[in-house]
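Chains D, W, V and X, in that order, give the protein sequences. At position 131 of the first sequence the residue is numbered 131 (the working numbering), and the sequence of numbers has no breaks. At position 37 of the second sequence the residue is numbered 37 (the working numbering), and the sequence of numbers has no breaks. At position 6 of the third sequence the residue is numbered 6 (the working numbering), and the sequence of numbers has no breaks. At position 67 of the fourth sequence the residue is numbered 67 (the working numbering), and the sequence of numbers has no breaks.
Simulated from the structure, these hints should not be mistaken for lab results. Computed from a predicted structure; not experimentally measured. For glycine and all other residues, C-beta sits at the position ideal for the given N, C-alpha and C. You can trust all of the hints, since none of them are fake.
Some but not every residue of chain X turned toward chain D, in silico, with C-beta under 7 Å: (1) S85; (2) M89; (3) L105.
Label-pair ranges, simulated between beta-carbon atoms: (4) E43/D x E43/V: 58 to 68 Å; (5) R44/X x D28/D: 41 to 51 Å; (6) R47/W x H29/D: 24 to 34 Å; (7) V110/D x S11/X: 34 to 44 Å; (8) G95/D x E43/V: 50 to 60 Å; (9) D15/V x V73/X: 38 to 48 Å; (10) V26/X x D16/V: 29 to 39 Å; (11) K4/D x E43/V: 48 to 58 Å; (12) V21/V x K91/X: 10 to 20 Å.
Derived DSSO-like pairs (lysine-lysine); straight-line CA-CA distance at most 27 Å: (13) K109/D x K109/V; (14) K76/X x K91/V; (15) K91/D x K106/X.
4 protein chains.
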Amino acid sequence: MEVKMDAAALSAFLDDAFGQVAADFVVDHVAPMAVRVRMPVAERHLRPGGTVSGPSMFALADVAVYLAVLAMVGPKALAVTTSLSMDFMRKPEAGRDLIAECKLLKLGKVLAVGDVLIFSDGVEAPVARASMTYSIPRG
Amino acid sequence: MEVKMDAAALSAFLDDAFGQVAADFVVDHVAPMAVRVRMPVAERHLRPGGTVSGPSMFALADVAVYLAVLAMVGPKALAVTTSLSMDFMRKPEAGRDLIAECKLLKLGKVLAVGDVLIFSDGVEAPVARASMTYSIPRG
Amino acid sequence: MEVKMDAAALSAFLDDAFGQVAADFVVDHVAPMAVRVRMPVAERHLRPGGTVSGPSMFALADVAVYLAVLAMVGPKALAVTTSLSMDFMRKPEAGRDLIAECKLLKLGKVLAVGDVLIFSDGVEAPVARASMTYSIPRG
Amino acid sequence: MEVKMDAAALSAFLDDAFGQVAADFVVDHVAPMAVRVRMPVAERHLRPGGTVSGPSMFALADVAVYLAVLAMVGPKALAVTTSLSMDFMRKPEAGRDLIAECKLLKLGKVLAVGDVLIFSDGVEAPVARASMTYSIPRG
Numbered sequence: 001m002e003v004k005m006d007a008a009a010l011s012a013f014l015d016d017a018f019g020q021v022a023a024d025f026v027v028d029h030v031a032p033m034a035v036r037v038r039m040p041v042a043e044r045h046l047r048p049g050g051t052v053s054g055p056s057m058f059a060l061a062d063v064a065v066y067l068a069v070l071a072m073v074g075p076k077a078l079a080v081t082t083s084l085s086m087d088f089m090r091k092p093e094a095g096r097d098l099i100a101e102c103k104l105l106k107l108g109k110v111l112a113v114g115d116v117l118i119f120s121d122g123v124e125a126p127v128a129r130a131s132m133t134y135s136i137p138r139g
Numbered sequence: 001m002e003v004k005m006d007a008a009a010l011s012a013f014l015d016d017a018f019g020q021v022a023a024d025f026v027v028d029h030v031a032p033m034a035v036r037v038r039m040p041v042a043e044r045h046l047r048p049g050g051t052v053s054g055p056s057m058f059a060l061a062d063v064a065v066y067l068a069v070l071a072m073v074g075p076k077a078l079a080v081t082t083s084l085s086m087d088f089m090r091k092p093e094a095g096r097d098l099i100a101e102c103k104l105l106k107l108g109k110v111l112a113v114g115d116v117l118i119f120s121d122g123v124e125a126p127v128a129r130a131s132m133t134y135s136i137p138r139g
Numbered sequence: 001m002e003v004k005m006d007a008a009a010l011s012a013f014l015d016d017a018f019g020q021v022a023a024d025f026v027v028d029h030v031a032p033m034a035v036r037v038r039m040p041v042a043e044r045h046l047r048p049g050g051t052v053s054g055p056s057m058f059a060l061a062d063v064a065v066y067l068a069v070l071a072m073v074g075p076k077a078l079a080v081t082t083s084l085s086m087d088f089m090r091k092p093e094a095g096r097d098l099i100a101e102c103k104l105l106k107l108g109k110v111l112a113v114g115d116v117l118i119f120s121d122g123v124e125a126p127v128a129r130a131s132m133t134y135s136i137p138r139g
Numbered sequence: 001m002e003v004k005m006d007a008a009a010l011s012a013f014l015d016d017a018f019g020q021v022a023a024d025f026v027v028d029h030v031a032p033m034a035v036r037v038r039m040p041v042a043e044r045h046l047r048p049g050g051t052v053s054g055p056s057m058f059a060l061a062d063v064a065v066y067l068a069v070l071a072m073v074g075p076k077a078l079a080v081t082t083s084l085s086m087d088f089m090r091k092p093e094a095g096r097d098l099i100a101e102c103k104l105l106k107l108g109k110v111l112a113v114g115d116v117l118i119f120s121d122g123v124e125a126p127v128a129r130a131s132m133t134y135s136i137p138r139g
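Using the sequences plus the hints, can you model the full thing?
Structural data, given as structure tokens:
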């Protein structure tokens, strides 16, 4: 399968459709059924103690799967998350960006399933994993 | 089992320990192994189209389980989410607060498990469900 | 909403369509968007030490949601599980049947979501919880 | 980290401790933090229509993570599954073995987290994915 939107197209789409969060995410790399998204960690993502908040990691995983689907199907703004699971395995390291490596395991007519590993930039052991199911609107 | 922190104590704890998000959550009700938490929906929680964002619903479910654990074990700031699953079932209704009804299904020495249903205030069918596991630090 | 298949109809359907496992499950009760299913625990469900195996509990949760959907939509044999999460919270008590209490949280045109609590018969604290999503075939 | 039990040692352990299911699983390969387990599909794993049952796939994923943990920590019989999520993405192909590729993402003192992809032998697109958390008993 071929990629319909590259990193620049996905970034432009984010800016347009989700202006209020677009600054949180940088599309690093796009490949068939896969994207890498970076979250430059800022004060607003942190919890006391300096760790990145759960909702921020959720948002990163969610946007990564969303962009991986868009990359393959083109700019349809309407896919919605229907279910997800996450495991938080290690504390993100302070002062490092978070990197989401997303693979689409399925891209069907009705449902897409993506797997995400989240890393502290430059650290080998993953911080969290997530699986997300997106419902793709008919027609 | 007896409740060790009531709604006022939980609210004070939130203000103290998580000042930057405390304004997002109101502790409506506390009972043994159960809490009800309200999220007064504001502009910052919304996505284009006026629907509440996934990360906001995640944050609500997460804080509800956290507070339900604290209510039973007292003010230990350190329990951390280890895993969770969520299903998003309906769009929240615009202009209504979200209500999280949380029940603790297990409160062990090492792990606590909580179930959450999220509703648009005044609407019967749930918007989302979540299950969260918290790890409770030893000693 | 009205129930289209009662306990007797669901049992007959199980016998017909899933003869090889029908003996594992007894439909105790059917209500709108809810069923209670009993698993008479036998030697084949056990692991060393006398505890019920994970796959047996999975099977019970899965069949409970399946029957809850069938009860509402009638005898369409084709709904399939697309995703699930489970938490195992306590050891089932030896020598007691398992009881699955299932509620449908959503019954859409495309997806159904059911929540299940599994109990050792007569014991208040749940053994496990599960959430299952079924895809409902079009047409 | 070094592997403490190789494929032969894991197989012998399965035979010993879980004799009644050992015939369902073949340990194909063991590496640090990873195992590959094969399920020779037999009549007892099938549902009407010839597809492998959900509980059989659950059992395969569960045993794969269990064996991956054992491979690293040695023959302690007591780790238990505490939570899991699965996505069923495609029908397994009739007449082919199932292959579980398991990676341990975390092996802590209290919890281990493993990711599993299940394939029909020789087919590239995965049939299912699973994430499992095992609790590791203290001492």
